[in-house]
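Student: The lines below spell out each chain.
2 protein chains.
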Amino acid sequence: MSTGAMHPSDQGKLAQMIALDWGTSSLRAYLLGDKGCVLAQVTTSYGIQHLPLPGGRLGFELAFKTVAGAWLDLCPNLPIVACGMVGSKHGWCEVPYVNCPVDLRALVKETRHVDTGLGCKLWIVPGARCEPIDGPPDVMRGEETQIIGALLQQPQLNAGVTFVLPGTHSKWASIRNGELINFQTYMTGELYAILREHSTLGRLMPLSNNDDEDTAQIKLVGFRAGLNAARTNPNSALSQQLFGVRTLALTDKLLPQAVPEYLSGLLIGYELLAGATDSESPLVLAGDAVLCQRYSLASSYLGIKVHAILDNTGTKGLWAFACASKLFQN
Amino acid sequence: MSTGAMHPSDQGKLAQMIALDWGTSSLRAYLLGDKGCVLAQVTTSYGIQHLPLPGGRLGFELAFKTVAGAWLDLCPNLPIVACGMVGSKHGWCEVPYVNCPVDLRALVKETRHVDTGLGCKLWIVPGARCEPIDGPPDVMRGEETQIIGALLQQPQLNAGVTFVLPGTHSKWASIRNGELINFQTYMTGELYAILREHSTLGRLMPLSNNDDEDTAQIKLVGFRAGLNAARTNPNSALSQQLFGVRTLALTDKLLPQAVPEYLSGLLIGYELLAGATDSESPLVLAGDAVLCQRYSLASSYLGIKVHAILDNTGTKGLWAFACASKLFQN
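Residue numbers (the working numbering), protein chains in the order written: chain A, 1 to 330; chain B, 331 to 660.
Honestly, the hints are just simulated from the structure, not real lab data.
Only a predicted model underlies this, so the values are computations on that prediction, with no experimental measurement involved.
Misleading hints may appear alongside valid ones.
[Said to hold, decoys possible] Covered stretches of chain A, going by a simulated chain B footprint (3 or more residues, C-beta under 8 angstroms): (1) 42–49; (2) 131–138; (3) 141–149; (4) 250–259; (5) 305–315.
Every residue gets a Cβ at the ideal spot worked out from N, C-alpha and C, and that includes glycine.
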């Protein structure tokens, strides 16, 4: 779906670059103007695992042409930058992770490009990797670009901040002196999805979703109850607390509409409580607006201070990357 | 599949009762002789969610006839006792939970029966329920019978013990003075199954299962590494540790054959460490022999003392229940 109220020929005059957020399950393309403002955008389901042609270069080329072909017809020489899983082992071109500490310059240095098949290059931002002493390594692809964008938008955060980027795999990323020094991933979103879809807990949840006022109130009560369970027993095993979702529903202490919200509150509560304990810097939420609101509500209920909530800063990050890579002719 | 080396007519002479362990996904039937010894057994997939005819009395009757019909032809007057989900809301007949503290006498008092359609009654053992002050209620169906059997088999455990019954929904059950005083459920087995089958972690695991010696060694190393991760960071969120499974595999620090074992070690480790912290009594493992071995290995690696490992004691429990219910004519 393409959005953008501006007439294509005006877009063409103002366009400065094409920015792609290319993940596992979706491909978002943006036509950016001055200072990275969004002139037009297209969202498709052509994530790297759902290409229009499976397996290989042609699938990537076709997906790229679908989202960016018309823009390139208007302005053939636009710089093009992508971030996300498109740079992974199963992406268009593997761009190795850059080890922490990482800043924009380090990412630019390790960038790689592919030929799009349309007579222009596509540059891919590398992902980041950290190696904690006492645990497994951790990796990100795409979030490093969101972080770059957030730091561009709010330069005072360079001094020291912990970004919380909620999602399928939530990231908690520590910034100090303008560098990403380490980060942790929580599988909160994925756990929620598979528990809802495939577990015995899912069977207790309603199939349809009412959005009337009463239901909204019931959901809020459920969400808070889940957060409360996480707070009351932060050290008990999650696998035990999860069974509580089942017994509360079976004993009618939780209405069906509240069950998914309780589960969400429980999982987000565990993430926030563990993350906030580990973090010394102010917390800043960034990324998907709906998820950020949910995390903000949860933080406030749990008494965890959130310093700021930023929009999706991915396009800002891709703009900063293009600038630092000197991809603009002027 | 029916097993039992004895000739049917001999079974008929020795048979004292029919015992059923009737769960969600399987129905196990036993022909018991003197003191509850097993003369013959049949295992089918006719769990209450997989009846030969869906939804209702006829499905239960047909499943029952399939497993026990031939035995009843030989000995029409055998007492018949069942435990497990057959007594749940979606079972043959709902038998309400008995609240903790619970002992054999309390269970017998609340038993109910159904007409099998074959001219005899089937008695159903109630499940147990506890209501902790600081958390959701907890419930069991079937494990109470295993516990009764274990206490019959090892009467000295009546004084005080914590039974660990590993499974899809592992139970940690505290016994004091012959009573089940409370218990906790961990969704360890179910979490393992859905993460393996439906998550991004599952995609990193091998499809086929080699059982040669090298693979066995790789698996053991993976299992121990998972246990170690649980021990090293017992307070970090499980959803974070789970992402470590992914990064260890992606960075080749974990061989594909070791990935499922690492996940198993991580989940069992979390359960054992949380359970052992909460428990003051000696731990006794009971139930499925393969799972008990796995938990025993894990406990030993984590330095958690296990007092004893018992066989599956369910048939002993059903025997004790029949005795206490005075179902025998002699």
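Student: Now tell me, hint by hint, if it's right for this structure.
Tutor: Taking the hints in turn, this is what the structure says about them:
Only residues whose C-beta sits within less than 8 angstroms of a C-beta in chain B count toward coverage, and the region 42–49 of chain A has 0 of them, not enough to reach three; the restraint is violated. Chain B is given as covering the region 131–138 of chain A, and this holds because 5 residues of the stretch bring a CB closer than 8 angstroms to a CB of that chain, at least three being needed. With a cut-off of 8 angstroms between beta carbons, the region 141–149 of chain A has 0 residues touching chain B; three or more are needed, and the interface restraint is violated. Look at the region 250–259 of chain A against chain B: 3 of its residues bring a Cβ nearer than 8 angstroms to a Cβ of that chain, three or more, so the hint holds.
Coverage of the region 305–315 of chain A by chain B is violated in this model, with 0 residues showing a Cβ closer than 8 angstroms to a Cβ of that chain against a need of three.
The structure is inconsistent with the numbered hints 1, 3, 5, although it conforms to all the rest.
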